[in-house]
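> The lines below spell out each chain.
2 protein chains.
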Amino acid sequence: MMKSMGKPTINDVARLAGVSKKTVSRVINRSPLLNGETRAKVEKVIADIGYVPNVQARALALRRNFLVGLIHDNPNAQMVMNVQAGILEAIRDTEFELIVRPIDRGSSTMLADVKNFLERQRLYGVLILPPVSENDMLAEVCREIGCRYVRMGSTTLDTPEHMVASNDSEVVREAINHLISLGHTRIGLIAGPHGFRSARERRKGFEEAVAAAGIKLPRSLIADGNYTFETGLAAADRLLDLSPRPTAIFASNDEMAAASLHAARRRGMNVPDDLSIIGFDDTAIASHIWPPMTTVHWPIISMARSAALKLLADFFGDDLASEEPSMFPSTLIHRASVAPPRRD
Amino acid sequence: MMKSMGKPTINDVARLAGVSKKTVSRVINRSPLLNGETRAKVEKVIADIGYVPNVQARALALRRNFLVGLIHDNPNAQMVMNVQAGILEAIRDTEFELIVRPIDRGSSTMLADVKNFLERQRLYGVLILPPVSENDMLAEVCREIGCRYVRMGSTTLDTPEHMVASNDSEVVREAINHLISLGHTRIGLIAGPHGFRSARERRKGFEEAVAAAGIKLPRSLIADGNYTFETGLAAADRLLDLSPRPTAIFASNDEMAAASLHAARRRGMNVPDDLSIIGFDDTAIASHIWPPMTTVHWPIISMARSAALKLLADFFGDDLASEEPSMFPSTLIHRASVAPPRRD
DNA sequence: GGTGACCATGTCACCGGTTACCTAAGGGGT
DNA sequence: ACCCCTTAGGTAACCGGTGACATGGTCACC
Numbered sequence: 476m477m478k479s480m481g482k483p484t485i486n487d488v489a490r491l492a493g494v495s496k497k498t499v500s501r502v503i504n505r506s507p508l509l510n511g512e513t514r515a516k517v518e519k520v521i522a523d524i525g526y527v528p529n530v531q532a533r534a535l536a537l538r539r540n541f542l543v544g545l546i547h548d549n550p551n552a553q554m555v556m557n558v559q560a561g562i563l564e565a566i567r568d569t570e571f572e573l574i575v576r577p578i579d580r581g582s583s584t585m586l587a588d589v590k591n592f593l594e595r596q597r598l599y600g601v602l603i604l605p606p607v608s609e610n611d612m613l614a615e616v617c618r619e620i621g622c623r624y625v626r627m628g629s630t631t632l633d634t635p636e637h638m639v640a641s642n643d644s645e646v647v648r649e650a651i652n653h654l655i656s657l658g659h660t661r662i663g664l665i666a667g668p669h670g671f672r673s674a675r676e677r678r679k680g681f682e683e684a685v686a687a688a689g690i691k692l693p694r695s696l697i698a699d700g701n702y703t704f705e706t707g708l709a710a711a712d713r714l715l716d717l718s719p720r721p722t723a724i725f726a727s728n729d730e731m732a733a734a735s736l737h738a739a740r741r742r743g744m745n746v747p748d749d750l751s752i753i754g755f756d757d758t759a760i761a762s763h764i765w766p767p768m769t770t771v772h773w774p775i776i777s778m779a780r781s782a783a784l785k786l787l788a789d790f791f792g793d794d795l796a797s798e799e800p801s802m803f804p805s806t807l808i809h810r811a812s813v814a815p816p817r818r819d
Numbered sequence: 476m477m478k479s480m481g482k483p484t485i486n487d488v489a490r491l492a493g494v495s496k497k498t499v500s501r502v503i504n505r506s507p508l509l510n511g512e513t514r515a516k517v518e519k520v521i522a523d524i525g526y527v528p529n530v531q532a533r534a535l536a537l538r539r540n541f542l543v544g545l546i547h548d549n550p551n552a553q554m555v556m557n558v559q560a561g562i563l564e565a566i567r568d569t570e571f572e573l574i575v576r577p578i579d580r581g582s583s584t585m586l587a588d589v590k591n592f593l594e595r596q597r598l599y600g601v602l603i604l605p606p607v608s609e610n611d612m613l614a615e616v617c618r619e620i621g622c623r624y625v626r627m628g629s630t631t632l633d634t635p636e637h638m639v640a641s642n643d644s645e646v647v648r649e650a651i652n653h654l655i656s657l658g659h660t661r662i663g664l665i666a667g668p669h670g671f672r673s674a675r676e677r678r679k680g681f682e683e684a685v686a687a688a689g690i691k692l693p694r695s696l697i698a699d700g701n702y703t704f705e706t707g708l709a710a711a712d713r714l715l716d717l718s719p720r721p722t723a724i725f726a727s728n729d730e731m732a733a734a735s736l737h738a739a740r741r742r743g744m745n746v747p748d749d750l751s752i753i754g755f756d757d758t759a760i761a762s763h764i765w766p767p768m769t770t771v772h773w774p775i776i777s778m779a780r781s782a783a784l785k786l787l788a789d790f791f792g793d794d795l796a797s798e799e800p801s802m803f804p805s806t807l808i809h810r811a812s813v814a815p816p817r818r819d
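Chains A and B are the protein sequences, given in the same order.
As numbered in the numbering used here, residues 476 to 819 make up the first sequence, in order.
As numbered in the numbering used here, residues 476 to 819 make up the second sequence, in order.
You can trust all of the hints, since none of them are fake.
No distinction is drawn between identical chains; accordingly, a pair holds when it is met within one copy or between any pair of copies.
Straight-line distance between alpha carbons at most 25 Å, and here's what the computed BS3-like set of lysine-lysine pairs gives:
1. LYS519 x LYS590
2. LYS590 x LYS482
3. LYS516 x LYS496
Hints listed in this document are in silico derivations from the structure and should not be mistaken for laboratory results.
Using the sequences and the hints given, assemble the complete structure.
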């Protein structure tokens with residue numbers, strides 16, 4: 476029957492079922508205008524010989540495949556995994572697969588690399604993670620070559636169908652107000668890298684809250700990091716070397732917050748009694764270290780899931796996916812790394 | 476010139492260069508039997524019109540594509556990211572891309588799902604991460620449908636060209652001997668989940684070291700976890716509730732070691748003075764928490780890189796890739812979570 | 001009874017590459 | 001001068017699907 480070797484193809488199915496390949500194609504694609512009897516017959520043959528459609532052939536004919544890409548340059552492993560988890564949740568039970576593409580933001584050929592990648596693979600669409608999602612030229616490249624995209628970010632980056640975002644500056648304001656209400660006045664900031672919207676938003680929230688409380692902060696209470704543990708450690712050390720020392724530190728992400736805790740304990744300081752710390756992201760490390768860290772829960776999994784759904788909006792048919800929200804509120808999670816400042 | 480719309484195809488190049496498409500194909504594939512002049516002419520046209528070969532068409536004709544898959548069911552984000560990093564390092568500057576496929580080990584349809592995935596995508600090959608890499612039936616599925624595979628594991632799982640492994644039991648023995656040499660005799664073990672080779676190997680190393688030292692351990696000093704923080708926390712609590720308490724804990728991975736530290740500190744205990752802790756994996760958390768944790772460095776990035784190279788051995792031509800090692804020694808990293816037991 | 005609408009299905013070219021095989025030209029050996 | 005071999009390149013079929021359009025049968029309606 477079957478042409479001896481090799482996987483069965485649509486031709487084998489057609490021959491065995493006594494129909495044309497087009498009819499088989501219709502069965503596979505759930506075309507509605509099929510006689511139930513014919514459909515059953517074809518489906519039986521498919522099951523019998525274990526036919527699996529060839530995605531490459533389909534991709535060629537359709538001029539698009541069923542792959543979604545994830546482009547990122549994010550240093551935080553936990554976050555990338557969370558994003559992957561969100562995407563995978565969205566594409567579960569579909570025929571889509573996820574293809575991961577880390578890029579090197581610094582590289583001068585970055586844009587060309589991505590363009591080449593997108594053109595070669597003809598992805599159905601891509602999700603772009605911060606921080607590189609903030610690069611407008613990258614989005615422009617996607618638009619130019621006609622590749623669907625959704626950007627994730629800390630603030631509005633694009634039109635609603637092309638992004639999901641959170642309200643970073645607002646929630647940071649809330650976090651800092653919390654510290655202020657406990658009596659903290661010397662609050663250090665470990666800022667994210669220059670040129671990043673997320674860093675800018677978080678810093679903005681910090682500065683607004685401080686200004687609103689009428690606190691005058693010396694410039695030295697703002698230290699720069701670039702979202703990694705190591706730079707966070709250096710920044711925290713700089714802050715803790717100050718005299719008088721800050722009584723609280725807000726770090727722009729959890730990695731750097733964990734580094735602050737590390738730096739404090741290395742000096743024999745007690746957290747939260749000698750130093751309050753607030754982080755941002757609510758990745759696993761925040762709740763795993765001791766003391767459990769007060770941080771901002773950044774709903775990254777939901778955002779990623781929603782972003783993926785947006786990406787596949789026209790695949791699913793506009794009904795549900797197009798109603799996905801674009802704005803995701805972050806919330807302050809109170810744990811044990813914050814206390815009123817010790818009275819000197 | 477070019478058929479107005481759409482990306483240029485091999486036909487456009489052929490027409491413009493005044494050669495047949497086969498000749499263009501030869502240029503793309505660096506066929507050696509080409510006149511340098513013709514080659515230059517074709518290459519010029521390719522550059523001029525920005526031709527990019529269509530990977531789907533090629534995949535169809537070649538009956539294989541240039542995608543490598545990563546199959547995993549690993550709960551540890553950092554580890555998965557490290558593996559991805561290793562793979563990406565290996566395929567950098569090639570045309571290969573990485574496609575990630577987390578699976579649900581518990582699911583009754585797991586094998587069928589993976590089989591379907593492999594058959595549909597016709598991957599060039601897959602890498603299988605522990606713990607699911609230990610499932611021989613999964614490897615059997617790969618073999619059956621003719622998909623290249625490499626398994627990563629904690630012990631020999633397959634023939635050398637199909638695996639990379641580490642020497643877990645040996646290095647755990649070393650770690651436990653270290654504790655014993657410091658004077659510890661009541662050493663708790665937080666074991667990994669039953670049925671996992673990695674868990675078994677690590678436990679074996681533990682038991683061998685203890686037995687060799689002539690120590691008789693009560694069964695209660697072995698608590699089960701399943702590699703997650705939460706189960707580690709529960710296991711650590713069980714150990715610390717014992718009386719007399721263990722003076723040291725070896726946890727089968729860093730997550731559970733971090734959980735032990737968390738549990739100890741929650742009780743007001745001091746690490747390492749009241750309790751020594753050793754973990755396994757050397758993921759970021761081990762060096763980020765306080766005190767920095769003594770742990771076993773598991774060379775996962777190198778292993779992943781090497782595994783990917785093995786996978787692509789016949790692509791690269793056997794010269795370098797086939798000489799990749801299959802066994803990677805783990806090493807004990809001494810940090811600050813271990814000290815001699817306090818004299819009662 | 002003829003006609004058009006509609007339904008289920010078939011035909012065939014095409015997506016953009018590759019393989020197998022063929023041709024034509026040039027070169028050397030005898 | 002003849003033959004064979006090598007080199008450079010062309011031809012046509014094929015990989016396994018899909019789209020546009022054609023076909024033949026049924027039914028409702030005038």
